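Chains as they are written, first to last, in our numbering: chain E, 1 to 169; chain S, 170 to 923.
Simulated from the structure, these hints should not be mistaken for lab results. Hints should not be assumed to be uniformly reliable.
Unchecked claim - Below, computed lysine to aspartate or glutamate pairings styled on EDC-like, alpha-carbon distance capped at 20 Å:
#	chain 1	residue 1	chain 2	residue 2
1	S	530	S	354
2	S	854	E	126
3	S	530	S	679
4	S	734	S	665
5	S	398	S	354
6	S	398	S	355
7	S	398	E	93
8	S	797	E	126
9	S	461	S	500
Said to hold, decoys possible - Stretch by stretch, here's where chain S covers chain E in the computed footprint (C-beta under 8 Å, at least three residues):
#	segment
10	15 to 22
11	64 to 73
12	78 to 92
13	127 to 141
Values in this document were obtained by computation on a predicted structure and should not be read as measured data. Ideal Cβ positions, reconstructed from N, Cα and C, are used throughout, including at glycine.
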Amino acid sequence: MSTSFWVNGEQRTLDVDPSKPLLWVLREQLALTGTKFGCGIAQCGACTVHIDGQAMRSCVTPISRVEGRQVTTIEGLRGDDGDLHPLQQAWIEHQVPQCGYCQSGQLMSASALLSNNPNPSDSDIDAAMSGNICRCGMYGRIREAIKSSSVASTSDEKLFYNVAEVDHV
Amino acid sequence: MSKLTRRAFITTGIAAGGGLVVGIAMRPGNQVKNLASKLGEGGEGLIHTYVKLDSDNVVTAIVPHSEMGQGVHTALGQMLAEELDADWSQVKVEEAPAIGEYASYSAGRRYLFAGVDFSNLAIPTVDGVMMRVADMLNLQITGGSMSVRTTGIMAMRIAGAATRELMQTAAASAWDVPVTEVTTEDSHVVHAASNRREPYSAFAATVAEMTPSQTPAFKDPSDYKIVGKYVPRRDIPAKVDGSAQFALDVRLPDMAYASVVRSPVPGGSVVSVDDAAARAIEGVLDVVVIPKSSVGGMLGETLSTEAVAVVADSYWTANRAVQALNVSWSETGFESVSSDDIYAQFERDISAKTKRETDRKAGETESAFASAARVLDADYHVPFLAHTCMEPLNATADVRNDSAEIWVGCQNPLGFRRDVASILGIDPENVTLNNHLMGGGFGRKARPDYAMQVALLSRAVGRPVQLIWSREEDVRQDFYRPAVQSRFRAAFDSDDNLIAWENTYTNKNEPIEAPLIPYSVPAQDIGYVSSPVHIPFGAWRSVDHSQHGFFTESFIDEVANAAGKDAYEFRAELLQNSPRHLAVLIRVAEEAQWTRPLPAGRGRGISLQESFGSLVAQVVEVTVADGKVAVDRVVAVIDPGLAVAPDGIAAQLESGIIYGLTAALHGEISIENGAVAQSNFDDYKSVRMDEAPLIETYVINSGNDIGGAGEPGTPGIAPALANAVFDATGLRIRQLPLGNFDLNYQAEESGVVG
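Excised from the complex, chain E in its bound form (with noise of 0.2 Å):
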């Protein structure tokens, strides 16, 4: 049966099992390996990608489901310059990545925060990113690079912000 859709602006017609997930016909069928498998049960997010703008977890969506949408993965999430997105940026800056394995998924989640609250606060970015694991413990690395790339803190006000915050639990 053939679906047709867009894959990070190009778009794309395949004779594709219906139920075939979207992460496997992207890494089998279009080659983009940078979508990672970890779970397939939506429970680790290495799989994330945007549907329509909005972080969605590509291993348990049906090839069907994205009839006619925009998919982008880590490899369409350069500006259309070429340049990286800022938050790919920040990961350098940050040294965010360890084995980077989740990485994908966990700059696909952020991406997608960002653009729908592009100043996010500490409980919003756990809600964003709580479904990423990353088994290498990157956690911290990844708040201070989302913050970074926010539209209001700079580092140092972060930094006392979440000491302050600890100490009047």
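Dock chain S against the given chain E, drawing on the hints supplied.
Chain S in isolation, oriented as in the chain E frame:
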């Protein structure tokens, strides 16, 4: 070429294209075909290249270790570049191939001769022997927090320093000036008096004919420009745009995909397979029973039991088909075993003390307990744990009649190559192993079972196959961090001084020093009993330290409390003869403001653990509310001797802490009906963003021998957390995970909070 004997010497050679290579030579006429691309015609004899200098003055560091995010490629590159005085922006790092010439001989030297200080004269002989031993053992291991303190210290910086000396000598000769007036900077030789400055590459051909010093002079650490400084990790840019290549990303022409299942009870074999439903799924190509195979190695036997695999045109199809299989597994005799049975067995064996072996015996424990004014005892235990690397186990193989090519991410490429060759019955020289970035390792990817499976599978179906384990298979077919019980007794005199420490635990692995305590206690008796289980053992980040750190650092807290002392003050008093430990402890107390009062419902706990050559102290702050613990803040201090990559050390501490925190809060592999009960991240939980504490890290560069970084952050978090919960609630946690406890109930009972 330099001396060619059975001893291993640093030597030089000419690289293809006219550059210079520096590495280790061992014997004459050693033609290494796999290094042909790196070595020119004149390079025979040089077998283990560390540094390559191209004609455009670009330096390439060749690192014989695997990258799993610990930053080893960058850190070892830094060590070489520092002593070479290289321009870091013109240094490339590449991973050595999986061939015998790159066996980790310095890791072997460290492993087999720990604590032995060889003279400079003896080192070439020892290295020569170790190169043969490591080659024989197929040792190319990344683990034990070893890379910086073995290959880095014993090889990379020596190669760098020796090369720099040759550059100075060559330039002095060419310029006809005293060598003492020639300096180096940014991959250039400089003679300031005559205003001359030339790139290293200008002298490559000359240096290639010279004999390097085996004992070059090293820089004074105060002159370091690259080591000990912040440098961005080289592997990070490819990890933010999806271009980093993991083994899972390998794509070959005509490649099929496979999923696999083994007996839920370890050791079971296939009795029968009903694969009708599986084969009926469109896209399924074959159903294959992968035979049992077994290999030896540094970690002992790795047994890959029989498995049933489905090969298909898509992993999604293959995995659905695996779920549609109806496999009957043989009885193993363990079908009725549960976690409770295992703990009951531990209890029985610890109490019986049959064939108890001793780790440390000091003073007279028996008389101390006999004369004690008071005795405190406690039993601790921790469950089995899985590794759950983010990247599920996977490997790709293309096996032909008498050759094979493997694509995998692993912690011992050479060992994996040997093991695959062994089970295929072909010459290891005919196996090409391509090692990839690993999406996590944590010790799991030192076990070759997944590579063995895919090799047999590719041979069975006669085409390239990518085998991917489902997360369920990954959780259920691990080599597990062992469950352990540990029993303590402490004796006090009438002044509440701790006079004796007795500890018996189940099942020793390594490192051997893990259960030892740094505290000055006059009488100590630490030992273990064997209590075998059917769950296979695996090295799990920090290995035995992960259990014993929790046990000993919790019990010393109990002892302090029983003596009516502050947990920090009590430890400090017992460390008066251990200044390095004491310094780390004092620093963490200062940074965490240990004496600052906390409001009701909050608590603070401390721990100190030496492991893998580094000392780590941690202070954890928690809030206990509604029966649950929230970890607010972790302050960690490490003394690694010298932080080669300070931000890398910080990242490893943060990572080790979160890995250990996941285990402390949630980690439990339980055994039901002989099998692992958990299956995926929904029932084997990880710490996520909303549970992650603020972590502050501090480094003490004490100048002691360089220690490890990848593991030392892990052991201390569980005890510091449990001690903080005690501080907040009065409840002593003696079992993990903490998530199993209703702290609300206990807190009310204790009357401390609420």
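Now the hints, each set against the structure:
1. Using a Cα cut-off of 20 Å, the hinted pair residue 530/S and residue 354/S is violated, with the two alpha carbons roughly 53 Å apart.
2. Between residue 854/S and residue 126/E the alpha-carbon distance is near 16 Å, which keeps this suggested pair within the 20 Å criterion.
3. Under the criterion of a C-alpha separation no larger than 20 Å, the hint pairing residue 530/S with residue 679/S is consistent with the structure, at around 18 Å.
4. For the hint pairing residue 734/S with residue 665/S, the CA-to-CA distance comes to about 9 Å; that is within 20 Å, so the pair holds.
5. Straight-line distance between C-alpha atoms of residue 398/S and residue 354/S comes to about 16 Å, which keeps the hinted pair within the 20 Å bound.
6. Between the alpha carbons of residue 398/S and residue 355/S the distance comes to roughly 15 Å, so the proposed pair stays at or under 20 Å and holds.
7. Of the pairs offered as hints, the one joining residue 398/S and residue 93/E holds, with about 15 Å between alpha carbons and a cut-off of 20 Å not exceeded.
8. Taken as a hint, the residue 797/S and residue 126/E pair is honoured in the structure, with Cα atoms around 18 Å apart against an allowance of 20 Å.
9. Note on residue 461/S and residue 500/S: the hinted pairing holds, with a Cα-Cα distance of about 16 Å set against a maximum of 20 Å.
10. With a cut-off of 8 Å between beta carbons, the segment 15 to 22 of chain E has 3 residues touching chain S; three or more are needed, and the interface restraint holds.
11. Remark: the segment 64 to 73 of chain E is not confirmed as covered by chain S, as 1 of its residues place a Cβ nearer than 8 Å to a Cβ of that chain, below the required three.
12. Counting residues of the segment 78 to 92 of chain E whose CB lies closer than 8 Å to any CB of chain S gives 5, so the stated coverage by that chain holds, three being the minimum.
13. Counting residues of the segment 127 to 141 of chain E whose CB lies closer than 8 Å to any CB of chain S gives 14, so the stated coverage by that chain holds, three being the minimum.
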